[in-house]
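As given, the protein sequences belong to chains A and B, one line each in that order.
This note's numbering puts the first residue of the first sequence at 14, with every later residue one more than the last.
This note's numbering puts the first residue of the second sequence at 14, with every later residue one more than the last.
No wet-lab data here; the hints were simulated from the structure.
It is possible that some hints are incorrect.
Where chains are identical, the list cannot tell them apart; a pair therefore holds if satisfied intra-copy or between any two copies.
[Unchecked claim] In silico DSS-like cross-links for lysine-lysine, where the CA-CA straight-line distance does not exceed 30 Å:
1. K106 to K219
2. K106 to K142
3. K226 to K69
4. K187 to K291
5. K142 to K111
6. K307 to K104
7. K141 to K305
8. K37 to K164
2 protein chains.
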Amino acid sequence: MIKELALGIDIGGTNIVCGLVDKKGNLIAEGSCSMADFDTPEEMMVSISEKFHEMKSNLKTNQKIVGIGIGAPNGNFFNGCIENAPNLKWKGKIPLVKLFKKNFKLPVYLTNDANAAALGEMIYGGAKKMKDFIVITIGTGLGSGIVANGKLIYGHDGLAGELGHTIYQPGGRKCGCGRLGCLETYVSSSGLIKTTKELLEKNNTKSLLRKLKPNEIISINIQAAAIKGDKLAINAYEITGAILGQKLADAVAVTSPEAIFLFGGISRSGNLLIKPAKKALEENLLSVYKNKVKILQSELLDKNAAVLGAAAMVWCEK
Amino acid sequence: MIKELALGIDIGGTNIVCGLVDKKGNLIAEGSCSMADFDTPEEMMVSISEKFHEMKSNLKTNQKIVGIGIGAPNGNFFNGCIENAPNLKWKGKIPLVKLFKKNFKLPVYLTNDANAAALGEMIYGGAKKMKDFIVITIGTGLGSGIVANGKLIYGHDGLAGELGHTIYQPGGRKCGCGRLGCLETYVSSSGLIKTTKELLEKNNTKSLLRKLKPNEIISINIQAAAIKGDKLAINAYEITGAILGQKLADAVAVTSPEAIFLFGGISRSGNLLIKPAKKALEENLLSVYKNKVKILQSELLDKNAAVLGAAAMVWCEK
Chain A
14 MIKELALGID IGGTNIVCGL VDKKGNLIAE GSCSMADFDT PEEMMVSISE
64 KFHEMKSNLK TNQKIVGIGI GAPNGNFFNG CIENAPNLKW KGKIPLVKLF
114 KKNFKLPVYL TNDANAAALG EMIYGGAKKM KDFIVITIGT GLGSGIVANG
164 KLIYGHDGLA GELGHTIYQP GGRKCGCGRL GCLETYVSSS GLIKTTKELL
214 EKNNTKSLLR KLKPNEIISI NIQAAAIKGD KLAINAYEIT GAILGQKLAD
264 AVAVTSPEAI FLFGGISRSG NLLIKPAKKA LEENLLSVYK NKVKILQSEL
314 LDKNAAVLGA AAMVWCEK
Chain B
14 MIKELALGID IGGTNIVCGL VDKKGNLIAE GSCSMADFDT PEEMMVSISE
64 KFHEMKSNLK TNQKIVGIGI GAPNGNFFNG CIENAPNLKW KGKIPLVKLF
114 KKNFKLPVYL TNDANAAALG EMIYGGAKKM KDFIVITIGT GLGSGIVANG
164 KLIYGHDGLA GELGHTIYQP GGRKCGCGRL GCLETYVSSS GLIKTTKELL
214 EKNNTKSLLR KLKPNEIISI NIQAAAIKGD KLAINAYEIT GAILGQKLAD
264 AVAVTSPEAI FLFGGISRSG NLLIKPAKKA LEENLLSVYK NKVKILQSEL
314 LDKNAAVLGA AAMVWCEK
């Protein structure tokens, strides 16, 4: 029997990682290259093409690659372009799917990293049996992928699911998007750092973090301090989690999901973030939703989730 | 050829209206009764049953009733129950679909009024060719029905789409739901009245409304004053529209709709509300969504929209 495989490609600001994935989420082969090596998307294509053919030549006779899924910042599912991604060195609108289709005679799908994470959770992770859920990816920023009626919401323009850019605090922190008070300026690794620094400045609470230089106040050190019981660091997580929970209560009122999965960087801190988020969620939920919505850690946290998510698109769209 | 018809029933706090609707939205027959006449849902059922058989006996031989759709406050699509509707005299959980199925050997569907309005817009109104849109119903409160990927979002529990209960102002106006600062305490007929009264108290601007008694400050009079150019009344609409636009910008970041339709009471005031809402929407949108999303008046405003919406469910679910 033919075993179908999908090539998942995760394009990030620093690296490009790809892998051949089967329907069960097994990684059959993988590879990566550095973004620094490519001045143009076409140069990247040559390198990916080499990797692809190398992987292909090693396949068993009953294995067959049936499609390519790509996760990339600002990847638009509908037009197949990366659109003005601030973290990539290629500027403007890049017709990535067109480029890939020219090189590979296969179906090619593109979306952004958070949407890919949601599809990965649905096909390979904790949302396997769910039809309505949200995945929140917390890294430098806050991304989200929203599934309703068993389908990812791309929206009319392919760019739905920007919970990180709903307003938490009108007139609040300046966001990279040019507006003020976006959720991701509070709930993200950079938001956590900012909150921690504000706490350090605002009061004289003893803290392990006072021994660090300003550029050493980064999430990994804040987390380490919090795990050691540092009150200020714990407080920074509590504030961040409470803001997340409060805004998730609004998101629940829109799509009423079964669960919300947290993925990425600071969500690895487990209960430090999840506990205050759950508390604030329940406090802020409309009564009909109370005690119904789970906040869970992504089940793909320790796997090559970005590649799995990109590959998942192939099974969702086929 | 058999002409299929759906029975649409709109259950409200005061009246129950029903009608036979064809696929094109033509109302073939209609009827209504007063909620005051029924102490129990079973009593209502007897009356609706009589109306149903009367309508049926008048049908042409090629007309056939194929399903029943019901729109009711707090109507849950999944379990077929009205759940603790504050505006109905029947309290608790009423298994309405079960009751109807016992009386009529037909498929029966139930949802809330705002979801029904969204389905009505999709099948009969301005959203006929749209796959992603939102309908906002503005009456005493603010309801919403959200369609993504061509499907209404019911959510995991059948109760999705409560944009009226997302928080506009933490710690703000007290909402009927028991929380503070919900959008519907600002954007609704009661919100408009409150804003107007606050403006009247806060400053000494001349206003036609000062001639009215407090209980005469109602939306219809505020609208009449605004149409006459009354600055205070216009200002009340501007504030209300601006809050609506600001929160719609958040909603766009979730589902990225093609259009947002406004329906009901104060949305009839046309540009008084829509113009400031559009302005605030554009000002608050993330740049990728700017100049893409239309705010439109519902195309069912002058029709029996509640009955059409309820009937639309039959065509969506069949």
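Checked hints:
1. Taking CA atoms no more than 30 Å apart as the test, K106 paired with K219 passes in neither setting, with 49 Å inside one copy and 53 Å between copies.
2. In this homomeric assembly, K106 and K142 come within 30 Å of each other (Cα to Cα) only across copies, at 28 Å, whereas the closest approach inside a single copy is 36 Å.
3. Taking the shortest alpha-carbon separations for K226 and K69, neither the intra-copy value of 49 Å nor the inter-copy value of 81 Å comes in at or below 30 Å.
4. For the identical chains of this complex, K187 and K291 are neighbours both inside a copy (26 Å) and across copies (23 Å), given an alpha-carbon limit of 30 Å.
5. Taking the shortest alpha-carbon separations for K142 and K111, only the inter-copy value of 27 Å comes in at or below 30 Å, while the best intra-copy value is 33 Å.
6. Only between protomers do K307 and K104 lie at most 30 Å apart by alpha-carbon distance; the minimum there is 29 Å, versus 39 Å within a single protomer.
7. For the homomeric pair K141 and K305, the shortest alpha-carbon distance inside one copy (18 Å) is at most 30 Å, but the shortest distance between copies (34 Å) is not.
8. In this assembly of identical chains, the alpha carbons of K37 and K164 lie at most 30 Å apart whether taken from the same copy (19 Å) or from different copies (28 Å).
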